[in-house]
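**Student:** When you line the sequence shown up against my numbering, it's residues 1 to 335, in that order.
Keep in mind the hints are simulated off the structure, nothing from the lab.
We put the CB at the ideal spot given by N, CA and C, even for glycine.
Honestly, I wouldn't trust all of these hints.
What the hints assert, rightly or not - Cut-off 27 Å, straight-line C-alpha distance, at most; resulting in silico cross-link-like pairs (DSS-like, lysine-lysine):
1. LYS312 - LYS16
2. LYS149 - LYS312
3. LYS145 - LYS80
Claimed, not checked - With beta-carbon atoms standing in for the labels, derived distance ranges:
4. GLY294 - ILE54: 28 to 38 Å
5. LEU72 - LEU25: 15 to 25 Å
6. LYS192 - PHE62: 20 to 30 Å
7. PRO269 - PHE147: 25 to 35 Å
8. LEU97 - VAL203: 20 to 30 Å
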Amino acid sequence: MVSFGARIYAELRGDKVIWMILTLLALTSIAAVYSSTGTIAYKLSGGDTTAYLIKHVGILAFGLFLAYLAYLTPYVRFMKLAPWLWLVAFMLLIYTLAFGVEINHARRWIRVPLLNVTFQASDFAKMALILLVAREITRHKDYIKDFNKAFVPIILPILIICGLIAPADLSTGLVLFATCFLMMFIGRVAMKYLFLLLLGGAVVFALLLVIHQFYPEFVRADTWATRISEFLADPNEGSFQNQQAKIAIANGEWFGRGPGNSIQKNYLPTPYADFIYAVICEEWGLVGGFLLLGLYVLLFFRITRLVVISEKSFGAMVAVGLGLNIVIQALANMA
1 MVSFGARIYA ELRGDKVIWM ILTLLALTSI AAVYSSTGTI AYKLSGGDTT
51 AYLIKHVGIL AFGLFLAYLA YLTPYVRFMK LAPWLWLVAF MLLIYTLAFG
101 VEINHARRWI RVPLLNVTFQ ASDFAKMALI LLVAREITRH KDYIKDFNKA
151 FVPIILPILI ICGLIAPADL STGLVLFATC FLMMFIGRVA MKYLFLLLLG
201 GAVVFALLLV IHQFYPEFVR ADTWATRISE FLADPNEGSF QNQQAKIAIA
251 NGEWFGRGPG NSIQKNYLPT PYADFIYAVI CEEWGLVGGF LLLGLYVLLF
301 FRITRLVVIS EKSFGAMVAV GLGLNIVIQA LANMA
């Protein structure tokens, strides 16, 4: 008798390896979140160790539901929706900067009335911008080397969205910008314009840091400077959080301490978020950490395969954009 799961797998269209990777990543996330939040949940939720787990599973189920809806929708329809989705993302980011929920001195979250749940507008903005960039590259592919006809219509939406995200979440803004930059490179945008874009970005960023020296309250430039200095610092030095993450990875050795046996999760500030990879390495060892990394690498190569065999340029650009964003974000969090 064929199981329910096997029936679903047999009926799935598209790349089944990607579906398997996503399933494994989802299951891994459930185990990792439960293991890394047990102590925190017990302290903050009156002894309920499953509070974070239930929330994560709910978010995961909602995400899978949206993914299934997207799976049922012909992707060419998103080409028409892209400008409207971008406009919604723009308004949500403006609202977030003005009225968003402030956590750790940054406004990144929007609280939904009645449901009393929060979400990051930048997550929606990432998808909307990637769809729009894929659309514009496809629309202007016949004159993609032209500055006014192609480069300007592509780069303006990128700069606006990334510029709105960066003040509260520099890392997300940079990852999204890098994704769009690589999409333009793959889409054959003129190299001279891409080089000028990188040069201009470096100049603007340096200018913001200089302004911060005279106006310390300016956005979160102090946080930006700290992140950069920590990244460039001696590996044996760094912040308390980074040191604890390194200790966690070292404690795990090759095969880990076992599920739920992490010690450093009690010292890391957000073991279920920014430092969850360190907790995974402590509990599952370097072997588990490399296997997880391998899933993301395999996901990237399977998406690259889709790009090669895709008959529609829009579909290829959407696939490479979404895939790059997922993989770059994962690698940035692991680094």
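**Student:** With reference to the structure, classify each hint as holding or not holding.
**Tutor:** Do the hints match the structure? See the list:
1. LYS312 - LYS16: 20 Å, holds
2. LYS149 - LYS312: 21 Å, holds
3. LYS145 - LYS80: 24 Å, holds
4. GLY294 - ILE54: 28 to 38 Å: Taking Cβ atoms as reference, GLY294 and ILE54 lie about 29 Å apart, which means the hint holds.
5. LEU72 - LEU25: 15 to 25 Å: 21 Å, holds
6. LYS192 - PHE62: 20 to 30 Å: Given about 44 Å between the Cβ atoms, the range is violated.
7. PRO269 - PHE147: 25 to 35 Å: 46 Å, violated
8. LEU97 - VAL203: 20 to 30 Å: 24 Å, holds
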